[in-house]
Amino acid sequence: MKASSRTVDGVEIISLQGKITIGSGDSQLREVITNTVNSGKNKILLDMSQVTTIDSSGIGELVGSYTTVTNRGGKLKLLHLPAKLNELLHVTQLITVFEVHENEQEAVSSF
Amino acid sequence: MERGDSERIEITISSRFENIELVQVIAEHLCENAGVDEDGSHWIGMAVREAVANAIKHGNKLDVRKKVHARFDLDGPELSITIADEGEGFDPTQVSDPLNPQNLMKTSGRGIFYMRTFMDEVHYSFQPGGGTSLVMTKNLAKGSGIASSNG
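Protein chains in written order, with numbering that gives the first Met the number 0: chain F, 0 to 110; chain D, 0 to 150.
The hints are simulated quantities; they were obtained by calculation from the structure and are not laboratory data.
One or more of the hints may lead you astray.
Unchecked claim - Just some of the chain F residues that point at chain D, by a computed CB distance under 8 Å: (1) I21; (2) G22; (3) D54; (4) S55; (5) G59; (6) E60; (7) V62; (8) G63; (9) K74; (10) V90; (11) T91; (12) Q92; (13) L93; (14) I94; (15) V96; (16) H100.
Said to hold, decoys possible - Here chain F is said to cover these stretches of chain D; the calculated rule only asks that three of the stretch's residues, wherever they fall, bring their Cβ under 8 Å from a Cβ of chain F: (17) 16-23; (18) 42-50; (19) 109-115; (20) 118-125.
C-beta atoms are modelled at their ideal positions from N, C-alpha and C, and glycine is treated no differently.
Produce the entire structure from the sequences given, and follow the hints as far as they go.
Take a look at the structure:
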């Protein structure tokens with residue numbers, strides 16, 4: 000997994016690319032989120048459009064990321080969910096936890 | 000879907016996470032060759048991914064000397080997938096329901112749920128000499144994927 004970030008109106012937009020799976024991107028996602036929060040940025044928008052594969056470990060890391068950011072008084076939201084990731088969040092009812100946006104500007108304004 | 004022949008494919012891997020995709024790809028190709036659409040093949044492949052990951056992590060406890068054995072049996076539209084590890088076994092009934100509101104924010108425990116969602120049946124058995132064997136079945140003629148399993 001690769002991650003690149005930029006700041007728009009005080010919101011850290013992190014674009015994730017590739018796989019978020021057990022033994023691969025799952026621990027990397029945790030590291031990216033931890034580093035971002037530790038640097039004082041706690042308005043985080045994860046752009047998921049370039050995520051090619053995710054498994055239950057990756058889903059678990061998304062949940063853990065949400066908890067990490069929330070516990071630090073911040074917010075973590077999702078942008079551009081691929082269809083299969085959307086399905087995985089629906090069947091586990093996690094779609095009720097995450098705020099999901101399809102438009103970047105609207106997502107940034109929502110923080 | 001009509002298939003006159005039965006087919007068996009077997010692969011044995013060492014307990015490394017990077018080997019998971021090998022087994023997943025076999026599952027997806029087998030399904031596509033049997034006429035399952037791309038989405039349906041993907042969901043079956045994901046069930047296999049979760050099963051192999053569990054076998055490596057919870058079964059063999061990341062011991063690379065221990066193997067994971069995968070077997071695919073296609074008999075007409077009936078697909079049976081067996082994933083066996085060489086570990087000491089674990090009790091899948093101890094995994095909490097991820098849909099329980101108390102468990103919603105847990106970071107683990109969704110793998111078996113996904114397997115049950117994407118496949119028709121999932122059964123565990125424990126071998127006398129050690130090891131857990133997981134058998135998942137799917138009738139490919141009934142359609143595949145989340146929509147069919149939910150409705």
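Outcome of the hint check:
Nearest Cβ of chain D to the Cβ of I21(F): about 5 Å, under the 8 Å cut. The hint holds. A cut of 8 Å between beta carbons decides the hint on G22(F): the least distance to chain D is about 3 Å, and the hint holds. Taken as an interface hint, D54(F) checks out: its beta carbon lies about 6 Å from the nearest beta carbon of chain D, inside 8 Å. Below 8 Å, beta-carbon pairs count as interface contacts, and S55(F) has one with chain D at about 4 Å; its hint therefore holds.
Proximity of G59(F) to chain D holds as hinted, the smallest CB-CB distance being about 4 Å (cut-off 8 Å). The beta carbon of E60(F) comes within 7 Å of a beta carbon in chain D, closer than 8 Å, and the hint placing it at the interface holds. Because the smallest distance between the Cβ of V62(F) and any Cβ of chain D comes to about 5 Å, under 8 Å, the interface hint for this residue holds. The beta carbon of G63(F) is positioned within 8 Å of a beta carbon in chain D (closest approach about 4 Å), and the interface hint is therefore held.
Hint status for K74(F) relative to chain D: violated, with the closest Cβ pair at about 15 Å, above 8 Å. Because the smallest distance between the Cβ of V90(F) and any Cβ of chain D comes to about 5 Å, under 8 Å, the interface hint for this residue holds. A distance limit of 8 Å between C-beta atoms decides the matter here; for T91(F) the minimum to chain D is near 6 Å, and the interface restraint holds. A least Cβ separation of about 6 Å between Q92(F) and chain D falls short of the 8 Å threshold, and the interface hint therefore holds.
Checking L93(F) against chain D by beta carbon gives a least distance of about 7 Å; that is within 8 Å, so the hint holds. This hint is violated: I94(F) has a C-beta 11 Å from the nearest C-beta of chain D, more than the 8 Å allowed. Because the beta carbon of V96(F) sits about 7 Å from the nearest beta carbon in chain D, less than 8 Å, this interface hint is met. Hint on H100(F) is violated. Least Cβ distance to chain D is approximately 21 Å, over the 8 Å limit.
Counting residues of the segment 16-23 of chain D whose C-beta sits closer than 8 Å to any C-beta of chain F gives 3, which meets the bar of three, so the coverage hint holds. Chain F is given as covering the segment 42-50 of chain D, and this holds because 3 residues of the stretch bring a CB closer than 8 Å to a CB of that chain, at least three being needed. Here the segment 109-115 of chain D counts 4 residues with a CB under 8 Å from a CB of chain F, which clears the bar of 3, and the coverage holds. Against chain F, the segment 118-125 of chain D contributes 0 residues with a C-beta closer than 8 Å to a partner C-beta. That does not satisfy the three-residue criterion, and the hint is violated.
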